[in-house]
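There are 2 protein chains.
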Amino acid sequence: MPEFLKVITTDEFVERLGRFARLPSECVPLDAALYRTVAEDVLALEDLPVSARSAVDGYAVRAEDTFGASDSFPALLEVVAEIGMGILPDGAVGPGQAAQIPTGGFLPLGADAVVMVEYTNRAGESSIEVTRPVTSGVNVQEAGEDVKSGAIVVPRGRQVRSQEIGLLAALGFTEVRVYRRPRVAVISTGDEVVPIESTPKPGQIRDANAHTVSALVRAAGAEPIAFPIVPDDAGRLREVLQHGIVQADVTVLSGGSSVGTRDLMVETVTSLRGVELLAHGVAIRPGKPTLLARQGDKAVLGLPGHPVSALIVAQVFLDPFLGYLQGGSLRRGPMGQRVKARLSTSVHSTIGLEEFIRIRLDEGSDGTYCAQPVFGKSGMLSTMVKADGVLAVPMNLEGFARGDIVDVIRF
Amino acid sequence: MPEFLKVITTDEFVERLGRFARLPSECVPLDAALYRTVAEDVLALEDLPVSARSAVDGYAVRAEDTFGASDSFPALLEVVAEIGMGILPDGAVGPGQAAQIPTGGFLPLGADAVVMVEYTNRAGESSIEVTRPVTSGVNVQEAGEDVKSGAIVVPRGRQVRSQEIGLLAALGFTEVRVYRRPRVAVISTGDEVVPIESTPKPGQIRDANAHTVSALVRAAGAEPIAFPIVPDDAGRLREVLQHGIVQADVTVLSGGSSVGTRDLMVETVTSLRGVELLAHGVAIRPGKPTLLARQGDKAVLGLPGHPVSALIVAQVFLDPFLGYLQGGSLRRGPMGQRVKARLSTSVHSTIGLEEFIRIRLDEGSDGTYCAQPVFGKSGMLSTMVKADGVLAVPMNLEGFARGDIVDVIRF
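In order, the protein sequences belong to chains A and B. To convert a position in the first sequence, counted from 1, into our numbering, add 1386. To convert a position in the second sequence, counted from 1, into our numbering, add 1386.
No lab work stands behind these hints: they were computed from the structure. One should not assume that every hint holds.
Said to hold, decoys possible - The list that follows gives simulated cross-link-like pairs (lysine to any residue, SDA-like), each with its CA atoms no further than 25 Å apart:
#	chain 1	residue 1	chain 2	residue 2
1	A	K1684	A	P1410
2	B	K1763	A	D1433
3	B	K1392	A	D1433
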C-alpha cells in the first residue's frame, strides 16, 4: 500500500493558493470594519475640517492688527464676541476687533489667525492687549487641511485600524465596503475520533483538530462552520465534503495520519464531480501529505491527521490564504512577528524539506533573544504550547549552527 | 482661566494604573477562550496519550524478536491481528508474533515497538519478514509522553492561542477559567459634538472619538458600552459619568480640548462621591491633559478631546491597562510590534515630555526599514492613517538625528 505524493515546494503551494479569486466585497457598519480589508478606495465627500478652526484657546483676530505687538507696545483690540463650541459665529471680526475663541472653535468671518490667551491681557471690560504678533493662519486649522474633499481617505487593500475608523467617522461614513469574511467548513475524519465532550473509550481519541483549526480560522477573521466527525467511510465522507463545499468558501479536512485513511481522503476528494486536484504533497516537515483541490471557486484543504502537523500546515498555508481571500497579500506563513534570535544549540534538517522547528524565545537583559529549540517528538501537542514560535529551515540547508542569528516567527 | 495640571511621567502614570486590581475570573467555553488569559494553572487529569500508540504504519512487535534482523537474515513473525483505528486490541502479541498497525493505532498488549512497513516483506498468508531490528519503544508514543496526568498543561497568565485550545481539547477540557473581559463605558462630551450619522450643522463636528476608542477597546479584547453624547453641562455629565462607573469597569471620557471643557471634566469627576483623583496631567505629547481617577475598583480615564491626542493616549495607556485587567503585564503602550528603522530625517522633541512622533515605515529591498516622520499638524487624523507606527522620544532627549537607528512601534 505505498503512497504516491507528487511533492511540490512551499512556494509552488502558495502559487496554487493564489489561483483562487479573492472574495467579493460587502458593506458593513463602520464599527464592524475593524481589522477587515477595505475593498475600494474611500474618497472624502467633504473637507475636514469643514471650515477653519482654532487650534488653541485665545482670540481670533485679523493678523495684520497684531503686527509689531510686544510687551512694551501691545496691540489694543476690542472684543466683539465670545465664540462658543458648536456655534458658527455669524458676526464678523472687523479691523481692530477680536473674538474670544476656545480650542476647536470655528473662526468667525474676517479673522485669519488666533492669538494664544497667554499672549493677551485683559484691558477693561471689552478690550484686550495683544503682546505677540501672529501672521495669517497661525494657530488655525484651515478648512480641508486634514482631508480635502475628493481625496483618498483610506486606500483599497488597507486593513482597518482604530485610526481609519476615526477618520471615516469624522467624515461621516457609517458604513465601509470591505472584503467578505471567508466561511470555512471544518471537518474532522477518523473512526477513532470522538467529540471532546465525550469520554473516549479505549482506543479512541478526542477531536483536537476541529478546535485548533476553528480557533485559527477565527483568529484569521474568518467564520468556522463546525461539522460532525466523519467516520472512515468513503460514502459518508463524500456526502459531508460536498455539503462543506456548498456551504463554505474553504473546506478544511483533517484526519488520516495512516496511509489508509490518507488514501481515503484523496480518493474521496478527487471522486467529486468537477474537482481539480491542485496539490498532494508539499515539501515541508511536519505536514508533507497536505492536499489542495478546487471545485469551481471553492477550495478544499486536506490537513494531516496529527494535531501538530495539522496546526503547522494551517499556520503555514491556511492562515495566509484566509487573509488573501479577504484582500491581504499572499505569502507563506506563519504570519506572526519575526524576531532575530541567537540559536542556543545547532538544529539539523533534511535537504529537500522546509522544516519548521518549534522554538522557545528567552529575552536577555540586553533585549536580545535566545532561540531554544523545543525538544520532544514532533507529534507532541505540548511542544506547540511550550513554543513561542518556529524557525523555518529552508529546503537547501542541512540546518543551522549553535550561535547563528536566525529569524524566529512568533505564533 | 489658567489650568493647573500636576504633570507626572508616563512611568508614574503606569504605576497608578497598576494600583487597580485585575478583574475576577470566569469559566468560558473552550472555543471562546482564544486570546483570553488563563486565570489559574490548568492541570492534566489524565495521560496524553492515554495509552501507547504507534507513530508509523507497520507492525507492532516484541522488540527482542527483531534483534539481529537484516535483509540477508530477516526475522520471521506470525501476523496474529490487524489493529484498526479506534479499536484497542484485546489480544496480546506473544513471542514470534506481530500485529499490523496504522499510524495512531493503540499498541496491543505484549508489543513494545513498531517496525515500519518499509522494513517488512510479506511471507505467505499470515507471516512477515522483518529486515531491520527495533529496540523497545521505537516508533511508539508512550502513554503520558505528551502530557503526564497532574502536569501543568497551560500556566496561569498564558494568553490562549490555537495550540493551547488544541491541547486542552485533546485532554477533554470543554471550558477554561480566564480573566473576565473589561466592560468599558465610552462617553464623548461637548456641545459641538454630534453622532456620525447626523449631518453637522455649521460649527458642529462628528463624534470620531467614540468610534476610535470603541474600536481600540474591542481590539484589546474588552467590551465597549456606547453612551449618548453629553453636552458641556456639569449636572448632565455627572449623571452620565456615574452611570458609566456603575455599569463598567473602566469609564473613558473624551472631550474638552479647550480649557473650559477640560476644567468641567476634572471638576465633575472629582465632585463625585468617593472619587480619588490619581493623575491629572502626564508628560507626553500629544496627550498632556490626561486624567485618571478611581471610585472604589472602578477606573475613570479622561482623554483629551482632540481625536489624535485621544487615540495616542488610548494606545499608550488604555490598551495596556485593558490587557492588564485581563491578566496581562502592564507597561507603557503602544503594544504593537517593535521594528528597528533608520530615521530619514532628524526629529526634534521637547525636554520634559515623552513625545510620540508618527512614522511611516518603508521596507528596503534588503529587509531593513526606513522611518519617515509623517508631517502635518499634530491634530490631523489623516496623519494617523498615513502612519504605520510611532517613535517615542524619551523625556530627556531633544530628539534623534537623521540616520539614527530607532525603535518604531507599529500601531
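Against the structure, the hints come out as follows:
1. A:K1684 <-> A:P1410: holds (13 Å)
2. B:K1763 <-> A:D1433: holds (16 Å)
3. B:K1392 <-> A:D1433: violated (37 Å)
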